[in-house]
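Peer 1: Note that the protein sequences, when read in sequence, are chains A and B.
If you read the first sequence in full-length UniProt numbering, its first letter stands for residue 1, the second for the next number, and so on.
If you read the second sequence in full-length UniProt numbering, its first letter stands for residue 1, the second for the next number, and so on.
Where hints are given, some of them may not hold.
Claimed, not checked - Some chain A residues judged to face chain B by a derived CB distance under 8 Å, without partners named:
#: 1; residue: L159
#: 2; residue: T182
#: 3; residue: A185
#: 4; residue: A350
#: 5; residue: L353
To be clear, the hints were calculated from the coordinates, so they are not data collected in a lab.
None of the values given here were measured: they were computed from a predicted structure.
Idealized CB from N, CA, C, for every residue including glycine.
The chain contents come next:
Number of protein chains: 2
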Amino acid sequence: MCRRCSSTRGGAGVAQRNPDRGGPLGGGSAGREALSGGAGGREAPGARAAGLEALGAGAPGGGVPSGGAEDLARYLRAQATDFLRALRRHRESGVEDAPAPAMALRRTARRISGTLHTFRPLLDASWSDELRTELAWLSGTLAREHAYAERLERLLTALQRLAGSTAPVPAQASASPTGQLTVGAAKAGALLDRQLTLARTRAHSTALQALGSSRFHAVADGVAVLASDVPLRKDASAHRLAPFAADVEARLTDAVRALPLVRAGHPYNAEALVHGLSSDTAPESQDAPWHQVRLLLRLHRYAQEALGVRDFDPHLVAASHALDRHRDAAEAAAAASSAARTPRIAPATAYALGVLHADQRHEVEASRFAFKGAWQRAGSASAVSLS
Amino acid sequence: MCRRCSSTRGGAGVAQRNPDRGGPLGGGSAGREALSGGAGGREAPGARAAGLEALGAGAPGGGVPSGGAEDLARYLRAQATDFLRALRRHRESGVEDAPAPAMALRRTARRISGTLHTFRPLLDASWSDELRTELAWLSGTLAREHAYAERLERLLTALQRLAGSTAPVPAQASASPTGQLTVGAAKAGALLDRQLTLARTRAHSTALQALGSSRFHAVADGVAVLASDVPLRKDASAHRLAPFAADVEARLTDAVRALPLVRAGHPYNAEALVHGLSSDTAPESQDAPWHQVRLLLRLHRYAQEALGVRDFDPHLVAASHALDRHRDAAEAAAAASSAARTPRIAPATAYALGVLHADQRHEVEASRFAFKGAWQRAGSASAVSLS
Numbered sequence: 001m002c003r004r005c006s007s008t009r010g011g012a013g014v015a016q017r018n019p020d021r022g023g024p025l026g027g028g029s030a031g032r033e034a035l036s037g038g039a040g041g042r043e044a045p046g047a048r049a050a051g052l053e054a055l056g057a058g059a060p061g062g063g064v065p066s067g068g069a070e071d072l073a074r075y076l077r078a079q080a081t082d083f084l085r086a087l088r089r090h091r092e093s094g095v096e097d098a099p100a101p102a103m104a105l106r107r108t109a110r111r112i113s114g115t116l117h118t119f120r121p122l123l124d125a126s127w128s129d130e131l132r133t134e135l136a137w138l139s140g141t142l143a144r145e146h147a148y149a150e151r152l153e154r155l156l157t158a159l160q161r162l163a164g165s166t167a168p169v170p171a172q173a174s175a176s177p178t179g180q181l182t183v184g185a186a187k188a189g190a191l192l193d194r195q196l197t198l199a200r201t202r203a204h205s206t207a208l209q210a211l212g213s214s215r216f217h218a219v220a221d222g223v224a225v226l227a228s229d230v231p232l233r234k235d236a237s238a239h240r241l242a243p244f245a246a247d248v249e250a251r252l253t254d255a256v257r258a259l260p261l262v263r264a265g266h267p268y269n270a271e272a273l274v275h276g277l278s279s280d281t282a283p284e285s286q287d288a289p290w291h292q293v294r295l296l297l298r299l300h301r302y303a304q305e306a307l308g309v310r311d312f313d314p315h316l317v318a319a320s321h322a323l324d325r326h327r328d329a330a331e332a333a334a335a336a337s338s339a340a341r342t343p344r345i346a347p348a349t350a351y352a353l354g355v356l357h358a359d360q361r362h363e364v365e366a367s368r369f370a371f372k373g374a375w376q377r378a379g380s381a382s383a384v385s386l387s
Numbered sequence: 001m002c003r004r005c006s007s008t009r010g011g012a013g014v015a016q017r018n019p020d021r022g023g024p025l026g027g028g029s030a031g032r033e034a035l036s037g038g039a040g041g042r043e044a045p046g047a048r049a050a051g052l053e054a055l056g057a058g059a060p061g062g063g064v065p066s067g068g069a070e071d072l073a074r075y076l077r078a079q080a081t082d083f084l085r086a087l088r089r090h091r092e093s094g095v096e097d098a099p100a101p102a103m104a105l106r107r108t109a110r111r112i113s114g115t116l117h118t119f120r121p122l123l124d125a126s127w128s129d130e131l132r133t134e135l136a137w138l139s140g141t142l143a144r145e146h147a148y149a150e151r152l153e154r155l156l157t158a159l160q161r162l163a164g165s166t167a168p169v170p171a172q173a174s175a176s177p178t179g180q181l182t183v184g185a186a187k188a189g190a191l192l193d194r195q196l197t198l199a200r201t202r203a204h205s206t207a208l209q210a211l212g213s214s215r216f217h218a219v220a221d222g223v224a225v226l227a228s229d230v231p232l233r234k235d236a237s238a239h240r241l242a243p244f245a246a247d248v249e250a251r252l253t254d255a256v257r258a259l260p261l262v263r264a265g266h267p268y269n270a271e272a273l274v275h276g277l278s279s280d281t282a283p284e285s286q287d288a289p290w291h292q293v294r295l296l297l298r299l300h301r302y303a304q305e306a307l308g309v310r311d312f313d314p315h316l317v318a319a320s321h322a323l324d325r326h327r328d329a330a331e332a333a334a335a336a337s338s339a340a341r342t343p344r345i346a347p348a349t350a351y352a353l354g355v356l357h358a359d360q361r362h363e364v365e366a367s368r369f370a371f372k373g374a375w376q377r378a379g380s381a382s383a384v385s386l387s
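Please work from the sequences and hints to get the whole structure.
Peer 2: This is the structure we're talking about:
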């Protein structure tokens, strides 16, 4: 299981296409009803509220309820119901401009996918593997548009900061190449705006296409099945959930132990910029273990949610945010260096992109430093709050 | 006096030309003898050894000897003797290749200049102001060649590091544009090599010219006077040295208090790169207070030496080194961005120079962080060791 996760197969929100799209998820009628706001969908909110009450009763003060497949089923039903509700809101609000429902869709898709992964031995294996893969595809597809928009905003904000401007980033920073930016910085901003806006537009079309595809309808059907009747294995009730959650936590701890934390704890170690000017893909290989820990930390969080732990260690939340920033900065740095390879750009533009790349790589380093601090503070706290 | 120092007038090794080069320093014969290894020069080593013994006897265990003009005269004589000895060694070893004597010349010139500044009220004012200005000119002129060489080495080492190479920097890194560097990094290295080698060669010629000039002979004469007979004021013996040294320390403390130390103490504050892409000279104005503290810290050290304190607080030494690195990194960053403004360079070269600039500005930030730590550790220790 550890091996499987370290290659990020499905499980933790990594987009992956499954060549075999038929199978157990295809074309159930219950799902269609849920999609169109039918009986399954309407019943769900109440069911979820009941489920949460049950969770609350079972776990006073954030404790762990007595393990069992019933808790797992309850959690999955609640998430599936949230997914279907977000989907309905998304349809109602018009597909063009609905960031909140889209975010809720991604959020619940990640939780369902992660939970199916962690507690796989308790579930119908082939059915849940199938749904998990498809949910990963969906959340990956939906996330991309948002990611490009965020990346552009991050880079334009950084350009403003590098120019010493305290003014907020204008919506069209690149449209006014005068102001406080040098010509190079303004041109770099315009170039990034062009490239990332194009990428975002494409991602938007892809997401729209995905949401209208039969592949997506099959996913929604699968989630609708989950909302009403979680396909547990016959012997599932004999198991407690805690050992599976502990397994995830152990994998997380192992992965963190393999990180160069001592080095990351020394500020200004200049590690993140090593290979910044080498031609190979060294930065990616340097970042990969951190990205992996980010996914495992998320998996750990979802497993704790399934267990009924409601107060996830705030230090771990901080650690998780640090790794989100790590990922964002790493991708922004890559976008800057990729933009610098655009043919026929002016040297001043390339220079600004170089400064921007290095700035974002230092943000990567700063995030590692922040992660180390948060992780250490979490140390004892998490040992107490978890069984 | 404080105002005077904050504009770095002479005092602490800042090169400054004095339009009025005649005056009391001009053409004494004692200096000429010292220069050519005459009587004044030969007598000096013994005199200095005696002086050091006297210092040692007066200040057992690094304590402060009883204040007085005699200590000041002894310190200045010893430094002047060292200066003349370094000058002789420099002549003997051939002017072309003598880094050690040149360094000793700068070292003693800075000490004499700083001491004349700190204890100015005890000395013949116009004479010592004159010599101080001329010593600042000399040490500035001599320092430049070395500075360009160091800057080039720093930048080429950084380029290697950014390319992820652990191999030592080859003497002619730029001559082999293949290897582990990308084309852009190799071209950036070659460009910097060309520009800084040219600057170094020019600085070398200027230094040679300076060492052969009548202006320099006048300086050497002035120092030779100092080596035999320090021109103290008549009432000098009525004063203790400690109050003047304490004044320097107070100015240092004030200048440090004005630094943004809280911000500098937060790692990865991204302060040093603010204005990195603005067109004005904002980085210089941001760095200036730190450079000023660097000079005051040096002045403080020399004042302590004159007082006979032999164990200068190692934390202050570390703080001083941090500010040296701060200055070096700031100037290297400026050299990288200046090279990026070379007409008709390739975008890849400009990109590499941008990364390099940002890297060196982060080194600036790291140096501030290091200074803050060292200064805080020095806090109590220096309060104990100083009177």
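Peer 1: Against this structure, judge whether each hint is valid.
Peer 2: A quick look at each hint next to the structure:
no., hint, verdict
1, L159, "holds, 7 Å"
2, T182, "holds, 5 Å"
3, A185, "holds, 4 Å"
4, A350, "holds, 4 Å"
5, L353, "holds, 6 Å"
Of the numbered hints listed earlier, not one is contradicted by the structure.
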